[in-house]
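Student: Turn these sequences into a full structure, and let the hints steer you where they fit.
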Amino acid sequence: MPITLVNPLDETHRPPSAAAPRLESLAGKTIGLLDISKPGGNVFLDHLERLLKQRYGVADVVRAMKPTFTKPAPDSVIAKFIDAKCDAVIEALAD
Amino acid sequence: MLETGDQAPSFSLARIDGEKFTITSGSQSRSRLLVFFETDCPTCRLAIPYINHLSRELGKAGDILGISQDPEQPTRELIAEAPIEFAVALDSDLSVTRLYDPVAVPTLFLIGTDGRVVHTLNGFDKRALNEIATAMAGKPLMIAEPFDGSPETKYGCVSRDLEGDVSGEIAETANPYAKRSARASRIELDDSVDPFDYCMQFGDPLPIVPPTVERVEKMLEACALPPDEVIALIPPNYGAATIEKIAANAVMAGCKPEMMRVLVPLVRAVCDERFNIHGVQATTHFAAPLVMVNGPIRRELGFASASNVFSNVARANSTLGRALQLILTNLGGARPGEIDMSTLGNAGKFSYCIAENEEENPWAPLHVEMGFKQEQSTVTLFAGESPHGVSEHMAREGTQILKAISRALATVWSYRLCAGVEAIVVLCPEHVKTLHRDGFIKQAVREFLFENTGIPLRHFDDGAGEGSQYTKLYKQATIDGEPCYLKFQDASAIKIIVAGGTAGKFSAVIGSWAAGPRGSQMVTYPIAD
Numbered sequence: 001m002p003i004t005l006v007n008p009l010d011e012t013h014r015p016p017s018a019a020a021p022r023l024e025s026l027a028g029k030t031i032g033l034l035d036i037s038k039p040g041g042n043v044f045l046d047h048l049e050r051l052l053k054q055r056y057g058v059a060d061v062v063r064a065m066k067p068t069f070t071k072p073a074p075d076s077v078i079a080k081f082i083d084a085k086c087d088a089v090i091e092a093l094a095d
Numbered sequence: 001m002l003e004t005g006d007q008a009p010s011f012s013l014a015r016i017d018g019e020k021f022t023i024t025s026g027s028q029s030r031s032r033l034l035v036f037f038e039t040d041c042p043t044c045r046l047a048i049p050y051i052n053h054l055s056r057e058l059g060k061a062g063d064i065l066g067i068s069q070d071p072e073q074p075t076r077e078l079i080a081e082a083p084i085e086f087a088v089a090l091d092s093d094l095s096v097t098r099l100y101d102p103v104a105v106p107t108l109f110l111i112g113t114d115g116r117v118v119h120t121l122n123g124f125d126k127r128a129l130n131e132i133a134t135a136m137a138g139k140p141l142m143i144a145e146p147f148d149g150s151p152e153t154k155y156g157c158v159s160r161d162l163e164g165d166v167s168g169e170i171a172e173t174a175n176p177y178a179k180r181s182a183r184a185s186r187i188e189l190d191d192s193v194d195p196f197d198y199c200m201q202f203g204d205p206l207p208i209v210p211p212t213v214e215r216v217e218k219m220l221e222a223c224a225l226p227p228d229e230v231i232a233l234i235p236p237n238y239g240a241a242t243i244e245k246i247a248a249n250a251v252m253a254g255c256k257p258e259m260m261r262v263l264v265p266l267v268r269a270v271c272d273e274r275f276n277i278h279g280v281q282a283t284t285h286f287a288a289p290l291v292m293v294n295g296p297i298r299r300e301l302g303f304a305s306a307s308n309v310f311s312n313v314a315r316a317n318s319t320l321g322r323a324l325q326l327i328l329t330n331l332g333g334a335r336p337g338e339i340d341m342s343t344l345g346n347a348g349k350f351s352y353c354i355a356e357n358e359e360e361n362p363w364a365p366l367h368v369e370m371g372f373k374q375e376q377s378t379v380t381l382f383a384g385e386s387p388h389g390v391s392e393h394m395a396r397e398g399t400q401i402l403k404a405i406s407r408a409l410a411t412v413w414s415y416r417l418c419a420g421v422e423a424i425v426v427l428c429p430e431h432v433k434t435l436h437r438d439g440f441i442k443q444a445v446r447e448f449l450f451e452n453t454g455i456p457l458r459h460f461d462d463g464a465g466e467g468s469q470y471t472k473l474y475k476q477a478t479i480d481g482e483p484c485y486l487k488f489q490d491a492s493a494i495k496i497i498v499a500g501g502t503a504g505k506f507s508a509v510i511g512s513w514a515a516g517p518r519g520s521q522m523v524t525y526p527i528a529d
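Taken in sequence, the protein lines are chains A and B.
Reminder that position 73 of the first sequence reads as 73 in this note's numbering, one-by-one numbering, no gaps.
Reminder that position 412 of the second sequence reads as 412 in this note's numbering, one-by-one numbering, no gaps.
Be careful, since some hints might not be right.
Pairs of lysine-lysine residues, derived as DSSO-like cross-links and limited to a Cα-Cα distance of at most 30 angstroms, are as follows [said to hold, decoys possible]:
#: 1; chain 1: B; residue 1: K472; chain 2: B; residue 2: K403
#: 2; chain 1: A; residue 1: K85; chain 2: A; residue 2: K71
#: 3; chain 1: A; residue 1: K71; chain 2: B; residue 2: K403
#: 4; chain 1: B; residue 1: K475; chain 2: A; residue 2: K66
#: 5; chain 1: A; residue 1: K38; chain 2: A; residue 2: K85
#: 6; chain 1: B; residue 1: K154; chain 2: A; residue 2: K66
#: 7; chain 1: B; residue 1: K475; chain 2: A; residue 2: K38
#: 8; chain 1: B; residue 1: K475; chain 2: B; residue 2: K442
#: 9; chain 1: A; residue 1: K71; chain 2: B; residue 2: K472
#: 10; chain 1: A; residue 1: K38; chain 2: B; residue 2: K472
#: 11; chain 1: B; residue 1: K472; chain 2: A; residue 2: K66
Here are the in silico distance ranges between beta carbons for each label pair [to be verified]:
#: 12; chain 1: B; residue 1: G481; chain 2: A; residue 2: G40; range: 34 to 40 angstroms
#: 13; chain 1: A; residue 1: G57; chain 2: B; residue 2: F460; range: 43 to 49 angstroms
#: 14; chain 1: A; residue 1: F44; chain 2: B; residue 2: L225; range: 46 to 52 angstroms
#: 15; chain 1: B; residue 1: I339; chain 2: A; residue 2: R63; range: 45 to 51 angstroms
#: 16; chain 1: B; residue 1: E214; chain 2: A; residue 2: F44; range: 51 to 57 angstroms
#: 17; chain 1: B; residue 1: Y470; chain 2: A; residue 2: G57; range: 47 to 53 angstroms
#: 18; chain 1: A; residue 1: G40; chain 2: B; residue 2: E221; range: 49 to 55 angstroms
#: 19; chain 1: A; residue 1: L93; chain 2: B; residue 2: L225; range: 37 to 43 angstroms
#: 20; chain 1: B; residue 1: P517; chain 2: A; residue 2: R63; range: 20 to 26 angstroms
These aren't lab readings, by the way, just hints derived from the structure by calculation.
Think of the CB as a built atom: it goes at the ideal place given N, C-alpha and C, for glycine as much as any other residue.
Tutor: Written out as structure tokens, the structure reads:
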């Protein structure tokens with residue numbers, strides 16, 4: 001006998017959103033680096049910052065840190081990148 | 001949130017009794033107290049009798065306004081039920097809430113005669129309540145006695161206007177006054193498909209009960225709420241947990257229909273911001289939500305609290321814990337191997353649910369410590385590792401038992417990590433008996449464990465490692481003549497519950513995930529009758 005099930009999975013409607021346009025080059029750009037506040041994150045990001053400036057000609061690097069890695073970044077942290085008019089942001093996880 | 005010294009913004013609200021309440025800018029004829037609250041917040045309910053007390057003490061001179069963030073009907077119900085003896089107004093559009101911006105409820109703002117904020121209190125705190133009472137009375141006034149059976153402090157619930165603080169694509173489902181979502185879709189299976197095989201995609205890797213329309217309907221009949229009501233949005237994907245979706249997952253887990261009574265507050269609790277299920281689901285750590293059940297519901301629904309309490313002993317424990325996990329993975333999206341990339345995982349991710357053995361507990365059970373009445377059933381959630389056993393059969397004295405437990409507590413998270421971590425101590429009835437005989441009360445047990453759990457300083461001599469980077473934050477003490485760092489920041493980091501069978505001197509400790517406001521905090525929610 002055929003049976004009817006109630007779908008137990010998430011069916012929340014989510015309209016698709018487009019990915020941000022990609023940068024042609026990093027030269028002269030402002031890049032945000034987000035430290036999620038895990039141990040060692042600063043070591044990794046310091047190195048990344050040097051590479052971005054020396055090898056790729058990045059004009060400016062803006063650093064911000066989440067208050068805790070256990071929760072999503074609060075608006076105030078994201079606002080720092082927006083206020084600095086970052087062209088792109090790199091989020092770093094470390095341990 | 002407004003702080004002490006800030007100018008109180010002017011507003012005018014109609015009180016529920018028809019009178020007008022106005023705060024004008026600048027100087028006031030007398031000081032006034034604003035109390036922001038929600039009708040379903042346990043901390044607000046805890047605070048109300050104390051504010052009633054203040055209102056009686058101040059008589060006519062007292063100008064207290066309760067500001068409800070909820071609609072008229074639940075507010076009127078709370079006024080009658082609590083009861084609330086001071087004036088109340090409705091902040092229907094949350095406009096006054098936004099002006100004063102409390103981050104949680106209850107929040108109290110005392111506005112002085114100069115029109116500035118003199119005192120603020122967020123959550124429940126007896127000392128701060130007494131300070132506010134004294135400031136309003138103009139003489140020492142104690143409205144909240146210590147050790148009166150209520151906790152000294154208790155965190156509040158998130159303010160209504162911040163509850164749905166999500167942006168973007170799911171913003172429309174986050175409006176707390178539009179708690180409706182679409183009904184679940186139906187899946188037709190013909191005879192060629194084995195429903196058990198088909199349903200293997202719906203949960204943990206063990207077979208589940210197919211959530212047929214008929215079975216789900218029985219669950220819905222046992223619940224007074226409409227099927228399309230959204231109880232919470234489950235992180236990290238923020239899928240809408242409607243009553244119907246909760247019911248379908250409960251059927252799959254093998255729950256009886258009456259378990260809906262527990263599941264609804266449990267889903268609310270797991271999505272309480274303080275618990276931070278977002279992080280618990282996404283971490284590589286061992287943590288899984290441990291459900292602890294208290295009160296008469298244990299007997300009513302058959303929760304096991306005695307021997308084998310952590311095992312496959314009772315349908316109620318096993319199915320409630322499993323239903324929670326299915327809801328988290330199916331609606332929250334934290335599937336193992338996808339968002340949930342836990343390094344070693346936890347057997348509790350099949351089901352992790354115990355009940356307190358209140359009958360063998362000579363002290364206040366967990367929910368009473370959290371501010372609930374003994375006869376109020378509750379669910380408590382703790383983000384924990386697997387239990388770590390402490391066998392102690394030789395000890396004749398309570399202190400020896402606690403020493404053995406403290407040595408297990410020292411290993412929680414990582415031996416040399418002494419901050420940002422908590423633990424549950426599950427005391428078995430035989431150990432409790434000895435402790436009680438020796439005159440220990442629960443708080444004395446907690447303090448003994450706090451004071452005697454330490455890591456000798458010399459263990460930090462063998463080089464850097466996890467925990468050694470934070471030693472500046474650690475408290476030092478001498479334990480048995482040895483200079484040590486105390487394992488925990490505060491005695492309250494140690495939570496105590498009594499569980500297990502009456503034979504065997506085996507207790508257990510359960511380490512936390514990252515604890516406190518930067519990680520996960522234990523939450524307790526009442527279960528409605």
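Student: Could you run down the list of hints and mark each one as holding or not?
Tutor: Hint by hint, here is what the structure shows:
Between K472 of chain B and K403 of chain B the alpha-carbon distance is near 26 angstroms, which keeps this suggested pair within the 30 angstroms criterion. Annotation: proposed proximity of K85 of chain A to K71 of chain A holds, straight-line Cα distance about 24 angstroms (limit 30 angstroms). Distance check on the hinted pair: K71 of chain A and K403 of chain B sit about 36 angstroms apart at the alpha-carbon level, beyond 30 angstroms; violated. Between K475 of chain B and K66 of chain A, the direct Cα distance comes to roughly 26 angstroms. Compliance with the 30 angstroms bound is thereby established for this hinted pair.
For the hint linking K38 of chain A to K85 of chain A, the alpha-carbon distance of about 25 angstroms falls within 30 angstroms, and the restraint holds. A hinted pair counts as satisfied when its Cα atoms are at most 30 angstroms apart, and K154 of chain B with K66 of chain A qualifies at roughly 26 angstroms. At roughly 23 angstroms between alpha-carbon atoms, K475 of chain B and K38 of chain A fall within 30 angstroms of each other, so this suggested pair holds. Proximity of K475 of chain B to K442 of chain B is assessed by CA-CA distance (about 23 angstroms); at most 30 angstroms being required, the pair is judged to hold.
With a C-alpha separation of about 25 angstroms, the suggested pairing of K71 of chain A with K472 of chain B holds against the 30 angstroms cut-off. As the CA atoms of K38 of chain A and K472 of chain B are separated by approximately 18 angstroms, the hinted pair is consistent with the 30 angstroms bound. With a C-alpha separation of about 22 angstroms, the suggested pairing of K472 of chain B with K66 of chain A holds against the 30 angstroms cut-off. The supplied range of 34 to 40 angstroms is met by G481 of chain B and G40 of chain A, whose beta-carbon atoms lie about 37 angstroms from each other.
For G57 of chain A paired with F460 of chain B, a C-beta distance near 45 angstroms keeps the hint of 43 to 49 angstroms intact. For F44 of chain A and L225 of chain B, the hinted distance range of 46 to 52 angstroms is satisfied, since their beta carbons lie about 48 angstroms from each other. Between I339 of chain B and R63 of chain A, the C-beta spacing of about 27 angstroms breaks the proposed range 45 to 51 angstroms. At about 55 angstroms, the beta-carbon gap between E214 of chain B and F44 of chain A stays in the expected band of 51 to 57 angstroms.
Our hint of 47 to 53 angstroms for Y470 of chain B and G57 of chain A is violated, since their Cβ atoms are close to 38 angstroms apart. The hint said 49 to 55 angstroms for the Cβ distance between G40 of chain A and E221 of chain B, and at roughly 54 angstroms that hint holds. Range check, L93 of chain A to L225 of chain B: about 40 angstroms between beta-carbon atoms, so the 37 to 43 angstroms window is met. Between P517 of chain B and R63 of chain A the beta carbon distance is about 24 angstroms. The supplied range of 20 to 26 angstroms therefore holds.
Checked against the numbered hints given earlier, the structure breaks hints 3, 15, 17 and satisfies all the rest.
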